[in-house]
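Q: These are the residues of each chain, in order.
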Amino acid sequence: MTLAVVTPYTVPAGLMDVLQAVLLVLVALGATAVVLTRAPVRQVIVLSVYGLLLALLFLAFQAPDVTLSELTVGAIVLPLLLLLGLAKVRSREK
Amino acid sequence: MHIFPFIVVVWILAVGLYGVVTSRHLMHLIMCLIVVQSSTYVLLLAVGYRTGAVAPYFFDVPVHTPAVDPVVQALTLTDVVVEAAVTALLLAFAIQAHKRFGTLDPQQLVQLKG
Amino acid sequence: MNQLPVLAVVLPLIMAALITGLNPLLRSRRRLLDGAAIATGAVVAAMLVAVTVMAAHGDEVYWFAGFRPSHGVAIGIDFTAGPISAGLACLAAVLVTAAMTFSWRYFDRVATYFHVLMLTFLAGLVGFCLTGDIFDLFVWFELMGVSAYALTAYRPEERGPIQGALNFAITNSLGAYLSLSGIALIYGRTGALNMAQIGASIARHDRAGRPDGLVIVAFLLIIAGLLIKGAIVPFQLWLADAHAVAPTPLCVLFSGVMVELGLYGVARVYWSMFGTALGHRGAITGIFLALGLLTAVVGAVFCFRERHLKRLLAFSTVSHAGIFLTGIALLTPLGLAGTAVYVAGHALVKAALFLCTGIILHRLGSVNETWLHGRARHLRATGVVFTVAAFGLADLPLFATFAGKSWIDASAGGRGLAWITAVLILSSILVGGAVLRVAGGVFYGLGDPPAEDPQMAREASEETSETTSGRSRTPMSMIVPPAVLVLAAIAIGVLPDLGTAVQAAALRFQDQAAYNSAVLAGGHTAHPAGVFPPEATGFTAADIVAGIGTAAGAAILALGALYRRRLPVLRGLRPRGSLTGLVQAFQSGVINDYVTWIVIGLACIGGAMALALR
Amino acid sequence: MTPGLRRWVFLAGMAGLAAFYLWGLHGLPGFGRYPGPYGDLINRIAVSQTNATGVVSAVNFEYRGFDTLGEEFILFAAATGVATVLRRLRGEREGSAEDEAAGRDVPPTSDAVRQVALLLTGPALVMGWYLASHAQTSPSGGFQGGVVLATAFILIYLAGQFLAFERFSPVDVTDAVEAVGAGGFAAIGLAGVAMGLSFLTNFLGLGTIPGAVSSSGTIALISFFVGMEVAAAFVLIVSEMLDQALLLRATGPGGRSR
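Chains as they are written, first to last, in the numbering used here: chain A, 1 to 94; chain B, 1001 to 1114; chain C, 2001 to 2614; chain D, 3001 to 3258.
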């Protein structure tokens, strides 16, 4: 399908390709970093950054709705819950 | 670019599973499970993407503008909610496990259980 | 428009919301709360009976929000209630009702949480059975899963339930994500989520007469989650951990329908989406037969060596799951019909066994077979129900299990695979023998107590009573449900013309073209035609001999196990240490191992499919 | 299995599974070439059929609204499950916040954090409300709005103390809000049934201007109920976890040595 329509949101195709490729590489690295970080609290922070990267990738995939959810859930609420859980666990390890 | 996003999907899945398998801490394991699930978001959105198309909002663009698939986005939203729900529940289990066992190492949990 | 299928899902959901909202009011009114929850289950069961009857002559298709498909493209979500799917949903509702009736006097300090989660669980089960949309299937699969994980950990003050719930939740969530990946793959090819539409689309794409990689990979990924739920070796490891520790009323649902639902999902996905594209080739039968028979035997061996009553019953469920997959793998209408009837019979009988175990736990506070030996003599009614149910599990004629098993055997014979009958009988004898050994030893004090296995004794001692008061007697609300369930298993087995009706339903289930036309074009196919023609459903003398032989073999095996030390030949037989070690290494309880096995299993099945189907 | 053996066995299996998975992915049309027809059909008809200009919301709350109902109840069941698993048990008592804080390395909330959090609460409330009520026009909806609303309540915690948080979100009230949200969604569906229509049929007037706040009938209403449900569910989950952080256990293994 040829897409000649230009809208206010159209990003030049070449630029979009580069943007997506860069974000995909960053997301792959982010996932690896989450898994390889073994210190719990630091891992939560890495996970939060990973959520942010995913949100940016989704924006580049033209999915602003999902970006918003991923930002609120993946980068804020889940890390918060995980930190609360860790606080509980660590307080007992004292 | 035709296959690259899908290679990233497989990589995220493999890395996440590696984390689950080698995990010695339940909190770590839960976060690796989140990574595993995130591979499904990337896959869903990549599958519904169309080069050069706009996001499926027709507030200020005409309805016939080529747009990416809105369905996969709705599915991903559901997937994100599932992630939040399952993670909250797993965290509750982990907190309770730590109370009962005093550790979060999956291997020690089994030994202590008897 | 028939609104019953959707009401059967929405009613439990609304009641769950209502109970949560009225939490402060209901907390102190146990009777009202129990009554409302049980009534909901019963009403849902009644609605689903009606749906099953109505669907006997054609699938009931329901389009949500009125979005009918246009030109073969589905815009919305549909429910497609056929006799098999509605019947299975109905079975789920009946068991939920029985389990909630049983727990009326069972849990002492129960908040509204238990009822709410049971109702959402019920909605998940019913929605999963009825939906005709592959993503919707995933949604109800997850609702069922999340409710079940939470219910497993219903007694968080103990160690076992937490650990069991963790293994259960992690393995099954992983399975769900794999299924979702498969759904995304097939969507990327077909741009459709409706199962009928996907089936039509991939059948068209297939030019060379062989499926391409995407179809095979999507098929395996989608069924991966279902096979994990369906406890097929090597994905079954979570099951014993979860079943052994979940509250007993819940085990009824886990063993009776949840596992079977996973396998129903496999059959549904195959027959409404992938069947035509994969070409119904012998290799499909081969791969699933291998998995099914392996599961049947492994489950039976684990079952026989177990001393923890709930774990023993859990392993017998694994073994039966293998038999069900075997019946599905035959791809014949009679094989599927036999499986359907076997699932119903097994669910009723297994539910009765679990409820009787619950009574033992309530009265004696233990599930350790060694300790219990001879101590339940005074529980006469429970003993009778347990023993009768145990014979039902061993495929004694008259029971629905016997009918189902005979048809699977007959159909296997018809496909030239008569040897699998021998494997199935062997596993039935082992499972029946184990349960009858429990019946004879615990309720009648026959023979010697089995040797104590320290590991199992520790596991069993973890399982303490789920009740605190009224332990001197068995309330009617506890003993009536298992008795009724056993009678129902016999009643189904002796229904006249059962085989003809169920086989017709199975044939309809297997006619992908008829399913497509019903869903996408609103068509009606009067005479559906499957890949294999229907077969005779009568019982031959050989069937009856095999049934009685299996039950007798199980009884002899049980007696042999109980009197082992007094019999000269068997005295020297002891379980081999190396075998025990191997079993423990496999069933280690460590979640990391379980996930490793899932990956290995998928890689092996995937390799086999890639080589055999392509 | 020992950890070392497990790692190698896993890597071997994962290599096979990854190869298999890639083999399947290779059969896709390729990135950027979504083939349709589902999404294209919806993009074409959604605006005229529902008056919602945000097609994702139209899919979520209209075309595939039944999925969203299931999704809401997954969250509902999870919140109930968290409450079940973390409920107070015999032998557990509540310590005061200071008591517990003394045993942690987490520093007490500083004044600066408190003020920033308080400042953010208002905007978060407004934004959550905005998101939940504009599902049909912009990239937003009940879910995102609900999460942001929940965040507003959590900010109240950050700003003050747990006790204040508890005052704002007593469990019974949160339960009731959650029940109204989830039950309301289902009830909208049933209202259609009562009119002889299909479950979740959009039976309200669609308005005349595509994209206006009052347009698109039940989409906006469902989005609102979803927002309620999601906000309440998250507040419930967070408060259960906070509650745990304040719980002391009198006895038991792994107990506190203090």
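Keep in mind the hints are simulated off the structure, nothing from the lab.
Nothing here was measured: the structure is a model prediction, and the numbers come from that model.
Yeah, the Cβ is synthetic: ideal placement off N, Cα and C, and Gly gets one too.
Some clues are possibly wrong.
Beyond 10 Å from chain D on every Cβ pair, some chain C residues (computed) [stated by the list, open to error]:
hint, residue
1, VAL2073
2, GLY2076
3, ALA2552
4, GLY2553
Derived CB-CB ranges, DEER-like [to be verified]:
hint, chain 1, residue 1, chain 2, residue 2, range
5, D, ALA3194, C, THR2540, 17 to 25 Å
6, C, ALA2491, D, ALA3015, 19 to 27 Å
7, C, ARG2471, D, TRP3129, 51 to 59 Å
8, D, ALA3194, C, SER2070, 45 to 53 Å
9, C, SER2517, D, ALA3019, 33 to 41 Å
10, C, ARG2565, D, ARG3007, 52 to 60 Å
11, C, ALA2056, D, HIS3026, 22 to 30 Å
12, C, ILE2556, A, ARG90, 57 to 65 Å
13, A, VAL22, C, PRO2533, 53 to 61 Å
Short, incomplete list of chain A residues facing chain D, as computed with Cβ under 7 Å [stated by the list, open to error]:
hint, residue
14, LEU52
15, VAL77
16, LEU83
17, ALA87
Q: Taking the numbered hints from earlier one at a time, note which ones the structure violates and give those numbers from smallest to largest.
A: Per hint list: 1, 2, 5, 6, 8, 10, 11, 14, 16 violated.
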